[in-house]
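There are 2 protein chains.
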Amino acid sequence: MLKTRLFTPGPVPVPDRVRLAMAQPILHHRAADFIPLFRACREGLQRIYQTQGPVLLFAASGTGAMDAAVSNLLSPGDHALVVRGGKFGERWDEICRAYGVRTTCLDVEWGTAVDPARVADALAQAPDIKAVYVQASETSTAACHPVREIAEIVRESDERLLVVDAITAIGVYDLPMDAWGLDAVVSGSQKAFMMPPGLAFLGLSERAQRFVERSTCPHYYFNLKKELKALPTDQTSWTPAVSLLFGLVETLRIILDEVGLEETWRRTEKLAQATREAMRAIGLELLAPDAPSPACTAVRVPEGVDGPALRTHLRDQLGFTLADGQGKLKGKILRLAHLGYYDRFDTIACIAAIEMALAAVGYVHKLGEGARTATELLRD
Amino acid sequence: MLKTRLFTPGPVPVPDRVRLAMAQPILHHRAADFIPLFRACREGLQRIYQTQGPVLLFAASGTGAMDAAVSNLLSPGDHALVVRGGKFGERWDEICRAYGVRTTCLDVEWGTAVDPARVADALAQAPDIKAVYVQASETSTAACHPVREIAEIVRESDERLLVVDAITAIGVYDLPMDAWGLDAVVSGSQKAFMMPPGLAFLGLSERAQRFVERSTCPHYYFNLKKELKALPTDQTSWTPAVSLLFGLVETLRIILDEVGLEETWRRTEKLAQATREAMRAIGLELLAPDAPSPACTAVRVPEGVDGPALRTHLRDQLGFTLADGQGKLKGKILRLAHLGYYDRFDTIACIAAIEMALAAVGYVHKLGEGARTATELLRD
Chain A
1 MLKTRLFTPG PVPVPDRVRL AMAQPILHHR AADFIPLFRA CREGLQRIYQ
51 TQGPVLLFAA SGTGAMDAAV SNLLSPGDHA LVVRGGKFGE RWDEICRAYG
101 VRTTCLDVEW GTAVDPARVA DALAQAPDIK AVYVQASETS TAACHPVREI
151 AEIVRESDER LLVVDAITAI GVYDLPMDAW GLDAVVSGSQ KAFMMPPGLA
201 FLGLSERAQR FVERSTCPHY YFNLKKELKA LPTDQTSWTP AVSLLFGLVE
251 TLRIILDEVG LEETWRRTEK LAQATREAMR AIGLELLAPD APSPACTAVR
301 VPEGVDGPAL RTHLRDQLGF TLADGQGKLK GKILRLAHLG YYDRFDTIAC
351 IAAIEMALAA VGYVHKLGEG ARTATELLRD
Chain B
381 MLKTRLFTPG PVPVPDRVRL AMAQPILHHR AADFIPLFRA CREGLQRIYQ
431 TQGPVLLFAA SGTGAMDAAV SNLLSPGDHA LVVRGGKFGE RWDEICRAYG
481 VRTTCLDVEW GTAVDPARVA DALAQAPDIK AVYVQASETS TAACHPVREI
531 AEIVRESDER LLVVDAITAI GVYDLPMDAW GLDAVVSGSQ KAFMMPPGLA
581 FLGLSERAQR FVERSTCPHY YFNLKKELKA LPTDQTSWTP AVSLLFGLVE
631 TLRIILDEVG LEETWRRTEK LAQATREAMR AIGLELLAPD APSPACTAVR
681 VPEGVDGPAL RTHLRDQLGF TLADGQGKLK GKILRLAHLG YYDRFDTIAC
731 IAAIEMALAA VGYVHKLGEG ARTATELLRD
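So the protein lines, in turn, are chains A and B. Residue 220 in the numbering used here is what sits at position 220 of the first sequence, and the numbering runs on without skipping anything. Residue 436 in the numbering used here is what sits at position 56 of the second sequence, and the numbering runs on without skipping anything.
Treat the hints as calculated values from the structure; they're not laboratory data. There's no promise every hint is true.
27 Å max Cα-Cα, derived BS3-like pairs, lysine-lysine [stated by the list, open to error]:
{"id": "1", "chain 1": "B", "residue 1": "510", "chain 2": "B", "residue 2": "606"}
{"id": "2", "chain 1": "A", "residue 1": "225", "chain 2": "B", "residue 2": "710"}
{"id": "3", "chain 1": "A", "residue 1": "226", "chain 2": "B", "residue 2": "383"}
{"id": "4", "chain 1": "A", "residue 1": "225", "chain 2": "B", "residue 2": "708"}
{"id": "5", "chain 1": "B", "residue 1": "383", "chain 2": "A", "residue 2": "87"}
{"id": "6", "chain 1": "A", "residue 1": "366", "chain 2": "A", "residue 2": "332"}
{"id": "7", "chain 1": "A", "residue 1": "226", "chain 2": "B", "residue 2": "467"}
{"id": "8", "chain 1": "B", "residue 1": "650", "chain 2": "A", "residue 2": "229"}
{"id": "9", "chain 1": "B", "residue 1": "383", "chain 2": "B", "residue 2": "510"}
{"id": "10", "chain 1": "B", "residue 1": "609", "chain 2": "B", "residue 2": "383"}
{"id": "11", "chain 1": "A", "residue 1": "226", "chain 2": "B", "residue 2": "708"}
{"id": "12", "chain 1": "A", "residue 1": "229", "chain 2": "B", "residue 2": "467"}
{"id": "13", "chain 1": "B", "residue 1": "606", "chain 2": "A", "residue 2": "332"}
{"id": "14", "chain 1": "B", "residue 1": "609", "chain 2": "A", "residue 2": "330"}
{"id": "15", "chain 1": "B", "residue 1": "710", "chain 2": "A", "residue 2": "226"}
{"id": "16", "chain 1": "A", "residue 1": "328", "chain 2": "B", "residue 2": "606"}
Model, not experiment: these values are computed from the prediction.
Here chain A stands alone, though its shape is the one from the complex:
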């Protein structure tokens, strides 16, 4: 009876209540009973996004909403600035180029945050830049970019957008879309929303909606103009993923009404802090020590330790699924999640498992010191 535990930074475990909510009998999305469901989803999304503007929903994974945030905001030949500090920064660049958008990439060492002054310089050098694309939390490196400071710089012009991949930031920490002046904010169901994958969300400022009107990139399934027009009629353009919407209403109720958004941020941050201290206590190095994301923690596999063997031991012997590194970090780091449906005891158990697995593959440390540190820090 090996119990299995999922610690990847999305998907994260789905609460039983949410899984059972999704098992409700299906309803027809053009029938009257869809309206209260859809409204509850949209209102909850506006609260978690901290926006008065529309948050669109797509039957897609997060990459779908990223695609839409390029193909429906810009036009071929437009110039975009991309902050590229990990696998998902690379994705912004790829999407832009797929649609004929010219990119200038600010390459940032993986695991570090971009210096906002570099964004300011790049914008000063190329005033034709129409949009800046960035990750709030770069999931591949567990580092956060300073979105608030970047927004202040981008906001010096009203003719420029800041587009934020907040897939592991919305519901993870305070990222107020309206207050900071973010123009397009992407997220997805399988992260802080504690849902299965299959829903993508996209919040749009008024400025972004003006860009939608002007965009000429070809697209069909992701059509923001059409979705924005359908929204006041309580509809989506295409058939929505109704069973996932049942789950979304339930999870938004938990996050917003029962736990509270601030408490959710606080819990996630506490788990992340304790994990970082625990990793340091057993001699492990963080990948992103200076700008750590509370969404997940990335630790370097210690010298002499076989990364894949460590992950395999964790999974097959101990039942813990953690995430590998992506791209050039493959096999070199371990990532464990804090966002979503985790509490103190989940986190302590995962740290203990990492310690046991390290010991099993020959890493010498004071076994249990990580668990002890986390227990102490997570007492209250």
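Fit chain B to the supplied structure of chain A, relying on the hints for placement.
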């Protein structure tokens, strides 16, 4: 205690077993336990498609796979022939034009099937046509187009594709992809698959895969080249909708291994036949008498009857949700589903409800004659 019953031609009711299967704990799509799940989905899809080729899966609704079947097969400036005999025929035209594909539309009276000779003529007149887009079953009118005959004509050239929207045909009736030489076949989870919406499927012939290599339309989320490359590694490019895949495995088990594909077609056809006879017995006119789809039956609202009032009575007083007409048929027809999770007794009950609602809104007929007819026809 008004019991509610869904009779729209997708979404259709989801069997309890499938709903509970989707409530399983989530797993990570890059972890080892994803592989058997994904393989079972793909193998089942190949069986239901009757193809040896790949059937791709997308986190999207059916329109997403329709988009992919244009934006990944053709290039801007290419010429396509579109059979336009309903709302979904119009959609093929819209998608083509969204990507700069020139279209010639064969307009077909709504509710009738296209004459294959017209397809042959159109191809003879425009030898530069690279692809023919058609619906197998045009859900908006409940009419079937003669895909087999069209395929024989299209197959006279190896440099031309036949792309079939089979969203209400796959799993509904015999539509053997390989045997008939269909090149790209689209379907979606909320139809014969008896699943919630949120998954789209796309089968591709070898010829279609060659077109994928050459296509230059811009796209990112729907990237068939990337998906075809990921398939042999048991992966999708982007995060798949894992909970829906749990349901897909279960529903494919029911359809393919327990009920059987041929028995599924036979049952659907029987329900459709009996419904058509029952509708005639109470004096109602079919919209597509000459080429009726077994997926659903569309009946004209009788003269003097208020269509919306009839549907409202069915829904609010009797608990039956049926589909309205779409586009220019809005308010003029009723559509009731046969594809998916329906048996004889569901169908008889729905016919009885239609009769009661007709009587309530003042249509004079021999009440119960429809239910009687269906009961007689569905005895065995």
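Tested hints:
Distance check on the hinted pair: residue 510 of chain B and residue 606 of chain B sit about 22 Å apart at the alpha-carbon level, within 27 Å; holds. At most 27 Å may separate the alpha-carbon atoms for a hinted pair to count; residue 225 of chain A and residue 710 of chain B meet this at roughly 23 Å. About 35 Å separates the Cα atoms of residue 226 of chain A and residue 383 of chain B, which puts this hinted pair outside 27 Å; it is violated. For the given pair, residue 225 of chain A sits about 23 Å from residue 708 of chain B by alpha-carbon distance, which is consistent with the 27 Å threshold.
Between residue 383 of chain B and residue 87 of chain A the alpha-carbon distance is near 50 Å, which puts this suggested pair outside the 27 Å criterion. As the CA atoms of residue 366 of chain A and residue 332 of chain A are separated by approximately 22 Å, the hinted pair is consistent with the 27 Å bound. Proximity of residue 226 of chain A to residue 467 of chain B is assessed by CA-CA distance (about 16 Å); at most 27 Å being required, the pair is judged to hold. Between residue 650 of chain B and residue 229 of chain A the alpha-carbon distance is near 41 Å, which puts this suggested pair outside the 27 Å criterion.
Between residue 383 of chain B and residue 510 of chain B the CA atoms are separated by roughly 50 Å; this puts the pair beyond 27 Å, and the hint is violated. For the given pair, residue 609 of chain B sits about 47 Å from residue 383 of chain B by alpha-carbon distance, which is inconsistent with the 27 Å threshold. The suggested pairing of residue 226 of chain A with residue 708 of chain B holds, with an alpha-carbon distance near 20 Å, which does not exceed 27 Å. A C-alpha spacing of about 19 Å is found between residue 229 of chain A and residue 467 of chain B, which places the hinted pair at or below 27 Å, so the restraint holds.
Between the alpha carbons of residue 606 of chain B and residue 332 of chain A the distance comes to roughly 25 Å, so the proposed pair stays at or under 27 Å and holds. As the CA atoms of residue 609 of chain B and residue 330 of chain A are separated by approximately 20 Å, the hinted pair is consistent with the 27 Å bound. Straight-line distance between C-alpha atoms of residue 710 of chain B and residue 226 of chain A comes to about 20 Å, which keeps the hinted pair within the 27 Å bound. The suggested pairing of residue 328 of chain A with residue 606 of chain B holds, with an alpha-carbon distance near 19 Å, which does not exceed 27 Å.
The structure shown violates the earlier hints numbered 3, 5, 8, 9 and 10.
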